[in-house]
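Asker: Given two chains presented individually in distinct reference frames, assemble the corresponding complex, making use of the accompanying hints.
Same order as they appear, the protein sequences are chains A and B.
One gets the numbering used here by counting positions in the first sequence from 1 and adding 386 to each.
One gets the numbering used here by counting positions in the second sequence from 1 and adding 741 to each.
By construction, these hints were calculated from the structure, which means they are not laboratory data.
No false leads were mixed into what you were given.
The calculated DSBU-like cross-link candidates involving lysine-lysine, where the alpha carbons are at most 30 Å apart (straight line), are:
id : chain 1 : residue 1 : chain 2 : residue 2
1  : A       : Lys428    : A       : Lys529
2  : B       : Lys903    : A       : Lys593
3  : A       : Lys580    : A       : Lys637
4  : B       : Lys1038   : A       : Lys428
5  : B       : Lys905    : A       : Lys570
6  : B       : Lys921    : A       : Lys477
7  : B       : Lys1038   : A       : Lys529
8  : B       : Lys915    : A       : Lys593
9  : A       : Lys593    : A       : Lys637
10 : B       : Lys1047   : A       : Lys428
11 : A       : Lys428    : A       : Lys477
12 : B       : Lys1038   : A       : Lys580
13 : B       : Lys905    : A       : Lys593
14 : A       : Lys502    : B       : Lys1038
15 : A       : Lys593    : A       : Lys644
16 : B       : Lys915    : A       : Lys502
17 : A       : Lys580    : B       : Lys905
18 : B       : Lys921    : A       : Lys502
19 : B       : Lys905    : A       : Lys637
20 : B       : Lys915    : A       : Lys580
21 : A       : Lys637    : B       : Lys903
22 : B       : Lys1038   : A       : Lys593
23 : A       : Lys570    : B       : Lys921
24 : A       : Lys570    : B       : Lys915
25 : B       : Lys921    : A       : Lys529
26 : B       : Lys903    : A       : Lys502
27 : A       : Lys428    : A       : Lys580
28 : A       : Lys477    : B       : Lys1038
29 : A       : Lys428    : B       : Lys921
30 : A       : Lys502    : A       : Lys529
31 : A       : Lys502    : B       : Lys905
32 : A       : Lys502    : A       : Lys593
33 : B       : Lys921    : B       : Lys905
34 : B       : Lys921    : A       : Lys580
35 : B       : Lys1038   : B       : Lys921
36 : B       : Lys905    : B       : Lys915
37 : B       : Lys921    : A       : Lys593
Source: prediction; values computed, not measured.
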Amino acid sequence: MRPILRNQLCAVGLILGSAVVRLPVETAVTEDLLAQNLLPAKLDTSMRDEMSQETFVAAAGGLRSLIASYYEVEAFIAFHQQPSRWDQVDKYYTLCCQLQPRTTHYWNMYGWMLSKNAAMSYATEGEATTGREEQMLEYYRDKGLAVLLRGIAHNPDSYVLYRQAGFLYGELNPQINPHPDHAKAAALFLRGSKCPDAMRPPGNTAKYLYRFHLYELAMVPGQEMRAYDALLTLYRSSVDEDFPTTITSIKRLEEQLKVPIMYRIDAVGKKPEPYRIPSYYLPSTPLLPLAKPHENKLPPLTYGIPSARRRPVH
Amino acid sequence: MTASLASSSPAHRGFRPWVRRLWVLTGHTFTQLVRMKVFYFLLVFSLILFVAGFVLSSVSPDAELKLVKDTSFGVMQIFSALFGIVGMALLLPKDIEDRTLYTILSKPVRRYEYLLGKYFGVLAVLGVSLVIMHVMACGVLHLKYSVAMSDEMQGLEEALEKGKLDAASFELAKEEAVEKLSLQGIRPDLHMAVVAIFLKAAVITAVAMAVSTFAGSTIFTLLATLSIYVIGHLQATARESFLAPPRQPHMQQVQAGEAAPPAPAGSVPLRLATGIVAVIFPDFQVYNVVDAVVEGKTLTWGAIGKMGALSALYLAIYLGAAIFLFAEKEL
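Extracted from the complex, chain B is given alone in its bound form (with noise of 0.2 Å):
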């Protein structure tokens, strides 16, 4: 790797130049990752997935299809979120370690490359995983909403012969059993939900590389980092009560030139911890959209737009505090 750093030296300060660098050192991070056999766990996810699809059962087909839906994509929501932090957070250290961060960083390789080159490579790892696991999720899910359609329709079948069903009914029913498994089938919703949960990974690596720029261990990057992902969650309520109006005193008392009411004991304190979750985190409830695509609603391009923007502005913040942070640090 260092050989090919040292090739883009000679005109470091141009634009392509730069881009190698970034795309040499993203292929080492993905190597590195590669070699840490992070792909083993995508046997573990082939295990759950044939649980969830396979072995157990719940109360109707459409119910099933959910529970194969609910777990693949839970499944590559914790997934991508865990890995994003840790391998933010092991990955730092062990370039230090390793001493590999050295070696780079003694060739014309500035730190913001460094660092941009190690999140693109945690994001690539991660892209090619949700990928998998998704055609895998998918696969699982085509073969279950086979069978589970053949099953309903021989079932309706089987009552129109035996009188149970007149035409009409079994035509309506055929209806609203295709419309009901198509629903919890493989939709273009599905493939937008991946791209929402990647985003979401995206936002919370970049936090966890912030973090690791300036913690003093490993498992402080780990700890702090997955504090951050679940007050993230509850940042939105957070937000909400710190732009709240402020209360309003009652229009009798502005009448009788009354002061306004006391604000109810702990409020100022309340508002300034609200504050400060809503000026620090970023908003993870923002990407929960994949609960709604897995009941069967409607994600617009328009709505992953507006998520990519916001995201984008996240990285933005969270790079460019991790950059501040790592371009001065001691090493």
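Next up, chain A with everything else stripped away, as it sits in the complex (with noise of 0.2 Å):
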């Protein structure tokens, strides 16, 4: 055999050969890249139609988050035209999820862009609507909302679009949210608390996020009492627990709940131990129990009143 064959049959088999073992540290090596989420998603193929063929190729290319970088300012200068132009947002903002589905910061503002800005640029405030207004302004909030939810779903460790999706379900602007579903965005405030990133120290944002969910829990039919206690433990659990928005649901729950003028956080204050109510002042059917049944006992006479003006409640 001429030693140039034989070269080049070595060099073959050499590429050949050695697939036996790199395939398997190929595969390992990418398993262990993925767990870690240092690799993107795979490359969603439909987005071919939407992107030019060079910029589909960069993107398979590596080059995936500078592109969605780029729609991201394309979206930009579509949103500050006059009037912005609210499908080129949607379209760029589309292709910068699909392009980086694991990046919250996309889904974030194609939600925030089309449940907010697009949306409201629909609403008339107080003027007629026309049918098609109303129309945009439902398709572009519903559509934001399935944007997060979305989002979601691919970030579910990523306390940023449980938030911002809690705050459109329990958006009060009947403009923007007809119907909110305060429900719906307790559950969303709590789960983002509980997120990593929310609970990264000092983990002042897991309790702001908690005191959202609260907050959100006392609007919510059949779970004022839960609510109530909940935010009763939280504002007396520290000094700084006297946000306006916590003493204005504990105050809007003390009606609900027909609490006693003399228990409430007005004649109480704060308190540094756990306080209960006793339950007989409760309505006659408790919707969650307060406590487990053996610590279920009435408090201390003299609670809730400064030990200088003591006196015995009847």
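Answerer: Put into structure tokens, the structure is as follows:
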């Protein structure tokens, strides 16, 4: 055999033979990097219709992040046009999310652009609306919400999208959300408060999301007692927990639950130790048990009254 | 250079002369490429960085920081891959054309030493370029980060003064802004992402060298290696399809003693095609951790170590193939 042919065969043999070692190593490294969320998700081939051929090849060639960033600039330009080109904003953010589904920023901005900016651009503030305006408002609001929920499915461990979706479900502006779903909002805020990035020290984000969970829970019919108990516990857990909305929510619940005046926060103020409402002050059918049976006993008679002004409770 | 090579001839079988010869060849390639004014590319890079950093605007300050990172790292990836491919496609034919190759090989220099010298010379230029580009990108990023942070803080303080925010909300908003911007600022992971880009460039350069040792022309080397670069990003999909277990017959059919259902039309050719792609081409998708780092995810030393080990395997394969192909090549 000629030496040149022999060497060519050796080169081919080396490349083919090494596959026995190479393929398992490649698979193991890929799986490891995927487990660490370091590799991008598979490229969605349906994007080919929306992108130019060059862009698609560049995205396939490892420049997805760069292309997504430039699509976001395009979306921003479309947003800044007068009037805003919502169809373009929608298109470019769709591409951004398809290119980088694990980047919460794109889902968050996409959801916010549609559900707030695009939907509100069709709101006419008291003026007579045409059928089309209402239709468009509803379309963008619902689509924005769907985008956020899809983003959550891709990024279940990041609080950002839970928060945004929670705000949208609990939105009280009837133009943006005529049918607020406080139960869903509460569930989303609670889930967000348990995300690892929310719980990072000092954990203020988790606390704030939990607080919003309780604000929403306080508005869910049938969950008032549970919300009242939790809000009161939160309010009394720290001297810093005296946010206006916390106090307003507690006061509203005190009214709803008909808590006796002497037990209300205006009279009792903050007490360092946990507090339970006596069961005979509760509505006849409590929605959720307040405490375990052995704990469900009357508090001390002097409870809630400053020591200088102690007097018996009848 | 020939004098330097000649001076290393008396004991060329020893370890040190071998290293010295490689060093001389690497230095020569480095000088050769510098004389080709490749570093002028850095002017283009600085212009691109300026536009991304100070001309284009995006939806939020953190999106603008991400834009700077995406642009700089994207350009670094393009530059390093193109430089590795073009450098290798040009150097060998140029040495043959200038007859420098014959002068070098007439000295006691083995062919594989010449190839490795060329390879490490290209890698040295690549490494220096990447370091300079990274320093420039970090400079712009730092400047942009400082401006964004000060603007954000100023905005929050104004909101606090005007009573739009209470003290607690101010603290929370401040914490969130710092976290969001810091995630897009300069972090150690960015330096490791540059290592990942370098490893990817090293592999594509080795592939380009293997192709150029049997290619008949520079254009063929360029086109073939660029195609391999694109295919390499889809290799993971092909490998997955190739290594997937064959389709199992339905349980009912097995129980009934029937034969396994016929394989779908085209599956054998498809498996063959994906097998060829998986076996021949390297997986460049593994190096795409840069996107995750730009997003703000943490790149561990363990991940870089695994990428380094895989790259070493690739280099052994493709440089080995290049050495075999070049060993008896008629020059």
